[in-house]
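**Student:** The primary structure of each chain is shown beneath.
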Amino acid sequence: MLPFIAKRTTTLVTAVVVSSFAVFLIPYFTPGDPVRKIIRSRVNGDVVDDASVQSLSLSLGLQDPLMLQYFRWLGRMASGDMGLSHVSRTAVAEQVLPALAVTLSLVVFSLGLAVLVSLPLGIAAGLRPGRATDKVITTVTQSFIAMPEYWVAPLLVLVFALKLSVLPSAGWAGPASMVLPAVTLALRPISYFTSAVRSGILEASAAEHVPAARARGLSQAQAVLRHVVPNGLVPLSTLFAVWFAGLLGGSVIVEVIFAVPGMGRLLFNAVINSDVPLAQGGVVVVVALAVTVTTLADFVHRLLSPTVEGSYA
Amino acid sequence: MNNILEIRDLEVRNLRQHDAPDGGKDGRTAGPDGVGAGAAPLVRDLSLAVGAGEFVALVGGSGSGKTLTSLSCLRLLPPQLGITRGSIRAGSLDVTAATEKDLTALRGGQVGMLFQQPKRMFNPSRTIGQHLAEPLRIHGGLRGAKARAAALEMLHDVGFADPHRGVRSYPHQLSGGMAQRAMTALALAGRPQLLLADEPTSALDKMLEQQVLRLLDRERQERGLGVLYITHNIASVAAFAHRILVMDSGSIVEAGPAGRILARPQRDYTRELLAASQLAPGSRRRPPPAEREVLTLTGVHKKFGAHRRRSHLALENVNLELKRGEILGVLGQSGSGKSTLARAVVGLEKVSSGTIGRHLDERGGKLDRATTAVQLVFQEPHSSFDPRMTLRSSMEAPLLRRAGLTAEARARRIADAMAEVELDESMLDKRPGQCSGGQLQRATIARALLLDPQVLICDEATSALDALTQRTVLNLLLRLQREHRLSLIVISHDMDVVRYMCDRVAVLLDGRVIEVAETQAFFTRPAHQHSRALVEAAIPCRGDHLQSLLHQEPRQERSAGQRPERPAAGEEPAGVSAAH
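Just so you know, the sequences run in chain order R and B. Its first residue numbered 1, the first sequence is counted upward by one per residue in the numbering used here. Its first residue numbered 1, the second sequence is counted upward by one per residue in the numbering used here.
Source of the hints: derived by calculation from the structure; they are not laboratory data. Where a beta carbon is used, it is the ideal one built from N, C-alpha and C, also for glycine. Incorrect hints may have been included.
Okay, the calculated bits of chain R under chain B, using three or more residues with CB under 8 Å as the criterion [as the list claims (entries may be wrong)]: (1) 15 to 26; (2) 214 to 220; (3) 224 to 232.
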């Protein structure tokens with residue numbers, strides 16, 4: 001296990017460093033001179049004289065070698081100093097962290113919901129494949145894939161907020177306001193999770209060790225509970241991590257529609273306003289978190305299926 | 001006698017007779033022994049009894065209904081099959097009329113079961129200890145520390161040198177032999193009176209097979225365990241069985257005391273089984289191989305793993321040559337490097353150092369001769385074909401790379417190859433799941449022949465087949481070898497196969513070639529100690545030897561002071577049975 005952890009942790013750090021370098025390079029590849037942008041955002045004027053550009057870029061250390069700038073920047077990032085937003089002139093960290101908290105709670109809530117729904121559905125469908133239950137469950141959950149969020153969200157708002165007036169239509173105040181965005185976000189994971197659990201269970205039930213367990217005196221229910229379900233859920237751990245990582249920065253549509261002050265909306269606005277420091281800070285945090293989550297999922301996967309040993313370590 | 005199992009007039013049928021045999025959809029076969037739908041019963045009029053302390057062998061080719069019979073005893077038939085007639089009594093329990101609750105006490109409690117592929121019969125994500133805990137709790141009422149102590153004792157009893165490590169091990173960390181021992185411990189954990197052993201050693205080499213058989217025999221002698229031992233290899237049980245029942249197409253065709261069956265079989269089928277299980281050596285006349293070599297291996301090393309500590313030398317300084325038209329046998333226990341050698345010769349594995357020289361004939365084509373002139377026939381026929389492709393598309397794939405072959409020419413070649421291996425052309429449109437192991441193995445050979453090879457490497461090509469099918473496939477290989485002037489490398493753990501087929505024998509031990517000799521000389525005077533152990537484990541099982549075998553002492557017992565065995569990770573050393 002130890003070499004496995006060491007190896008995966010090395011991969012994690014490498015991934016973060018490499019992707020942060022790409023993020024660091026953003027201003028060099030986007031049109032326009034970043035220094036002029038900064039000055040323009042500070043003085044609110046259109047005319048920028050070359051002398052002040054020169055002096056500012058000197059004071060910012062922009063004349064130094066690229067790698068030196070990068071490591072300086074990485075050091076500041078690591079210590080939590082992500083610079084100032086061009087637009088709001090406030091510290092990036094102060095915007096990123098609350099947004100991250102919002103998105104995290106939204107993602108945890110919606111994926112938790114997805115797991116709660118898809119576990120029983122997937123297990124029920126997988127244990128009796130081809131039966132009516134399986135067909136209904138599969139058809140319904142598969143149809144979720146084809147429902148885009150920008151269509152589901154207004155529909156839910158129409159029914160639960162406007163018609164029934166049981167839930168707020170937008171905003172971020174208390175658990176009630178989380179329900180509609182979380183449900184919208186959960187639909188597609190539900191369909192993927194259900195189908196993963198279903199096929200996992202199908203495969204696990206076909207394993208020859210299941211009848212062998214029954215020959216030891218386990219009842220059908222015991223055999224399913226001990227030898228089918230745990231083995232059948234292994235693929236879900238990986239899929240969960242992929243979705244978790246993806247939704248951290250990818251819940252833009254839902255956050256915009258429901259006016260949720262999360263990461264997706266923050267990054268969206270940062271890009272629209274070409275607020276480079278904000279975008280950089282946000283992306284680095286999201287990437288670091290996403291990579292960490294996937295690595296954790298690898299550990300969990302490894303714990304659930306000990307045969308993985310050979311292929312990684 | 002006090003019978004602990006009594007089966008009367010058993011009949012097993014497929015309950016869904018109208019189902020079309022559906023192997024194509026998911027590539028799986030319908031059930032054990034490839035059971036398809038059909039009007040005829042799969043087992044019929046079967047009666048047998050096993051007494052306490054008795055060792056009964058149920059012998060038959062694949063598909064004869066042996067497995068169904070044993071599954072019936074626990075009422076664990078697949079859902080589409082059912083017992084339609086007859087009765088089964090285990091002790092005082094009427095199995096055919098028993099409630100689920102009674103059956104739970106029966107399964108693993110009164111009657112234990114051993115399976116063919118021990119590794120696949122364990123849940124890969126649970127330790128051996130967690131497995132053992134189940135029967136100990138269900139049948140012994142043991143939990144916690146008591147269950148743990150009992151598990152340790154069980155593993156010690158079946159020959160684990162380090163039971164503490166054993167309970168912590170996951171199935172994949174055990175060797176084949178150790179896995180079968182663990183499976184034996186698991187089957188015996190509920191202190192059964194009867195053990196159903198369904199080909200528990202067919203996937204093991206001869207030495208390990210003898211160890212498992214001795215282990216069962218000891219349980220039989222010590223506490224009167226009754227054993228119903230199912231096998232396709234009549235010779236393997238000759239030394240242990242009291243009675244032998246021969247099964248063919250669902251019913252028992254011959255039964256009697258083991259000595260009588262082995263010495264004077266009445267039925268042709270029994271004679272065939274006997275003949276197949278002891279491949280008579282030297283029964284063929286072959287011209288001596290030409291002097292010219294087609295393959296030369298010089299100082300071949302193969303190292304796996306880049307890490308200093310974890311790297312493992314799979315092949316160490318291997319020097320071998322294969323002459324044109326020769327059949328070379330490569331013997332060795334599992335893990336000795338046989339398959340690595342095969343893969344290296346074909347070019348699937350890069351060697352770490354040394355050279356493999358191919359000196360091939362210029363027969364026609366020039367392109368990719370070097371890569372296709374050496375072909376490999378794999379062990380597991382079912383996994384060497386893509387389950388989703390028809391045999392035709394699988395076989396056509398390598399031909400598509402050949403320039404200048406029209407679709408017609410390809411079809412003709414495939415048809416010719418199928419005729420060569422005596423398979424009907426209609427097989428071509430089936431998927432692997434719809435074919436039997438023997439048919440698929442022929443198709444594998446046909447596929448290898450398509451590319452007009454000069455060297456054919458058979459890596460345990462018949463180990464997964466039952467004795468009868470094995471014999472026909474071996475004879476097929478011999479005929480092809482003769483007609484096509486092929487050179488063959490036959491890799492096997494089965495001494496009989498090697499003795500039957502080969503001109504020369506090379507023995508591998510831990511990646512090194514420890515002996516190369518003419519077959520005849522090798523089997524009469526094996527030079528190396530390990531070779532002697534291998535040859536001795538392949539007991540010549542004839543009826544007239546039975547009595548001497550029954551009274552023979554287990555070979556090569558170690559002296560009392562010596563450490564009995566290496567830890568579980570390695571393969572078991574020769575002859576160290578569980579009899580300590």
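**Student:** Look at each hint and say if it fits the structure.
**Tutor:** Taking the hints in turn, this is what the structure says about them:
1. Counting residues of the stretch 15 to 26 of chain R whose CB lies closer than 8 Å to any CB of chain B gives 0, which falls below the minimum of 3, so the coverage claim is violated.
2. Three residues within the 8 Å Cβ limit are the bar, and the stretch 214 to 220 of chain R against chain B gives 6, so the coverage statement holds.
3. Note: the stretch 224 to 232 of chain R has 4 residues with beta-carbon separation from chain B under 8 Å; the three-residue rule is met and the coverage holds.
When the structure is compared with the earlier hints, a violation turns up for hint 1 alone.
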